[in-house]
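Novice: Chains as they are written, first to last, in this note's numbering: chain A, 1 to 356; chain B, 357 to 644.
In case anyone wonders, no lab produced these hints; they're calculated from the structure. A few of these clues could be false.
[What the hints assert, rightly or not] Derived lysine to aspartate or glutamate pairs resembling EDC-like cross-links, with alpha carbons at most 20 Å apart: (1) B:560 / A:94; (2) B:562 / A:94; (3) B:560 / A:100; (4) B:563 / A:94; (5) A:76 / B:543; (6) A:75 / B:611.
[What the hints assert, rightly or not] Chain B side only, calculated, beta carbon under 10 Å to chain A, not exhaustive: (7) 420; (8) 533; (9) 544; (10) 547; (11) 555.
Source: prediction; values computed, not measured. Even glycine gets a Cβ: it sits at the ideal position worked out from N, Cα and C.
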Amino acid sequence: MSKITLQDLSHSYLQSQNKDEDWAIRNVNIDWQDGGAYALLGPSGCGKTTLLNIISGLINPTKGKILFNDEDITKKNPVERNIAQIFQFPVIYDTMTVFENLAFPLRNRQIPEDEINNKVNEIAEMLELTSTLNNRASGLTADGKQKISLGRGLARSDVNVIMFDEPLTVIDPHLKWILRSKLKELHQKIKRTMIYVTHDQTEALTFADQVVVMHDGQIVQTGTPVELFEKPKHTFVGHFIGSPGMNILSCQINNGSVAINGTKIETSNSKIGTSNFSKIELGIRPEFISFDKKGLPVKILNVSNTGKNKIIETESDGGKIKLIIKAAEKVPEGSAFLTFKKDYTYVYGDDWIIEK
Amino acid sequence: MNKTVNQKAWFFVIPVFVLVAFNAIIPLMTVVNYAFQETFGNNQFMWEGTRWFKQILVSERFHAALGRQVLFTLIILVIQIPLGIFIALNMPKEGIGVPICLVLMSMPLLIPWNVVGAMWNIFALPDIGFLGHSLNAMGFDYNFTQQSGDAWFTTILMDVWHWTSLVVLLSYAGLRSIQPAYYQAAEIDGATRWAVFRHIELPKMKKVLTIAILLRFMDSFMIYTEPFVLTGGGPGNATAFLSIDLVKMALGQFDLGPAAAMSLIYFFIVLTVCWVFYNLMMRNESKS
Chain A
1 MSKITLQDLS HSYLQSQNKD EDWAIRNVNI DWQDGGAYAL LGPSGCGKTT LLNIISGLIN
61 PTKGKILFND EDITKKNPVE RNIAQIFQFP VIYDTMTVFE NLAFPLRNRQ IPEDEINNKV
121 NEIAEMLELT STLNNRASGL TADGKQKISL GRGLARSDVN VIMFDEPLTV IDPHLKWILR
181 SKLKELHQKI KRTMIYVTHD QTEALTFADQ VVVMHDGQIV QTGTPVELFE KPKHTFVGHF
241 IGSPGMNILS CQINNGSVAI NGTKIETSNS KIGTSNFSKI ELGIRPEFIS FDKKGLPVKI
301 LNVSNTGKNK IIETESDGGK IKLIIKAAEK VPEGSAFLTF KKDYTYVYGD DWIIEK
Chain B
357 MNKTVNQKAW FFVIPVFVLV AFNAIIPLMT VVNYAFQETF GNNQFMWEGT RWFKQILVSE
417 RFHAALGRQV LFTLIILVIQ IPLGIFIALN MPKEGIGVPI CLVLMSMPLL IPWNVVGAMW
477 NIFALPDIGF LGHSLNAMGF DYNFTQQSGD AWFTTILMDV WHWTSLVVLL SYAGLRSIQP
537 AYYQAAEIDG ATRWAVFRHI ELPKMKKVLT IAILLRFMDS FMIYTEPFVL TGGGPGNATA
597 FLSIDLVKMA LGQFDLGPAA AMSLIYFFIV LTVCWVFYNL MMRNESKS
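Could you put the whole structure together from the sequences, leaning on the hints where they help?
Specialist: Okay, structure coming up:
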């Protein structure tokens, strides 16, 4: 039960680091509030698992500090940190029964046997494992095994944080949903800090109150699912979250106003002076674009119908633009004009949002 | 879809059948033939029924050889399996050390049996062999050609040197297949080193260890060439294991009938032990 703070955290798996790419984690600063449900979202290889293993103490960071409740625990081992971690592949002790599996972390900590009994029964109840308690754990299905991994984390009543490293990878799709809602429910019941690592945006957005998006070893944005959707702070967040992702278009800035090849575009953050960025881009989600009588001229390339909506791919002077309209709406033939909702249109300089 | 019936496919089985016939069925049937008959050469046979089997089963000589054989096999299993696991646990897991260790470990396995026997014979000679000479220089009265204890010691040492690597390599392969998450989870659960070994490493090595024990049991139970070259079964009959005794009986005394009966009993023992052992080890596997 504690607040977790990461300070100027960097980690590299190499002996010497010369360029940005040598770092698996770069300058991570973040506070995880006590009792929060967080998702750590990013593509494979972005450093999510490394960050998780640093928090749990399986990896010592090259630079920076980890604080639990403002106490520096950077040098402590996983046992002293008192955390729980659930891995991608269910880890169970084959030789033991389900009961012994759940009791294992408690027995290692020399907790009295009757207390262990109560605790294990309580956890088994919560995870619906009671009927299998005396079975050998090796005979269970993948989701049953993953529940045991989870149970071993929950069994200790005082863990600081429970971390999940893509825990549903090997679970059947129809069970994924059940297990995910179980996790959400558990979080509400036990109010313990949970960090959930995933590359699946649906998993992240449904589980977490706060989503932390990672890209190339950096945290690019932390926010609620709505914030990430409505105001991505980095172009990566824009196109990683959402389906299809945000349109990123090349644009020009003249006298503080943004234009795509002469067509002026109103944006929510266009009050920009001179730009000293090497790359200026405009971001707009497909959901906030509509056809109009005037605006940005485009050529229609492709229309795909998803049943409820139509996704239309168009070509403009700033690049390809996708937009989503209701299935019932008519799509113009050949060429058309698009308008963007001003409040959801942003200008990005070198991939980062330009704040007013 | 209808399958076409084409009995010509049986022709493809013929080569395998011929091979198996020549290297297993025909020799085995020859032995069976000898085991129930008496012969004085010239391809003349007389029916003897089960006489040779009865004779072997009550023979003190057979009991003694079998006793030596069981003792030898037990000793080398008790040494080689734990030692092999221990070495595998301590082998490097990454870096240049891995190929070096693997090559070093494979080396004894690549040496032909009779060469191993000859090497150790010379190595252990009390006067000029490095091992024998050193032991004597240290004050031990060591002479494997005359003292049966020393002969046993040398034979076991030789076998440990020759075959522990096999256990090491199999165990190492088993250990390498364990996901790092298991170790990480155990670390977080606060498991001791012994608990990690007992509850993670040993269960994950179970299958390869079963194979290792089976192979080591069969090979050591049938050991012939190395002790034959090293001690010739001596001094006296001290290291005359089953196969050495068998060859003495068959080719030394030319008692083909009893030797054939002994071969079949020998074969039956190996088969039974392997079958029982394998089923014991695997009895829980089918469920998961």
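Novice: With reference to the structure, classify each hint as holding or not holding.
Specialist: Taking the hints in turn, this is what the structure says about them:
The suggested pairing of residue 560 of chain B with residue 94 of chain A holds, with an alpha-carbon distance near 8 Å, which does not exceed 20 Å. Straight-line distance between C-alpha atoms of residue 562 of chain B and residue 94 of chain A comes to about 11 Å, which keeps the hinted pair within the 20 Å bound. Pair hint residue 560 of chain B plus residue 100 of chain A holds up; C-alpha atoms about 18 Å apart against a cutoff of 20 Å. Taking the CA atoms of residue 563 of chain B and residue 94 of chain A, the gap is about 13 Å. The hint holds against a cut of 20 Å.
Between the alpha carbons of residue 76 of chain A and residue 543 of chain B the distance comes to roughly 12 Å, so the proposed pair stays at or under 20 Å and holds. In summary, the hint linking residue 75 of chain A to residue 611 of chain B is not supported, as the alpha carbons are separated by about 75 Å, beyond the 20 Å threshold. Hint status for residue 420 of chain B relative to chain A: violated, with the closest Cβ pair at about 41 Å, above 10 Å. The beta carbon of residue 533 of chain B is not positioned within 10 Å of any beta carbon in chain A (closest approach about 12 Å), and the interface hint is therefore violated.
Below 10 Å, beta-carbon pairs count as interface contacts, and residue 544 of chain B has one with chain A at about 5 Å; its hint therefore holds. For the restraint placing residue 547 of chain B at the interface with chain A, the shortest Cβ-Cβ distance is roughly 6 Å, inside the 10 Å limit, so the hint holds. A cut of 10 Å between beta carbons decides the hint on residue 555 of chain B: the least distance to chain A is about 4 Å, and the hint holds.
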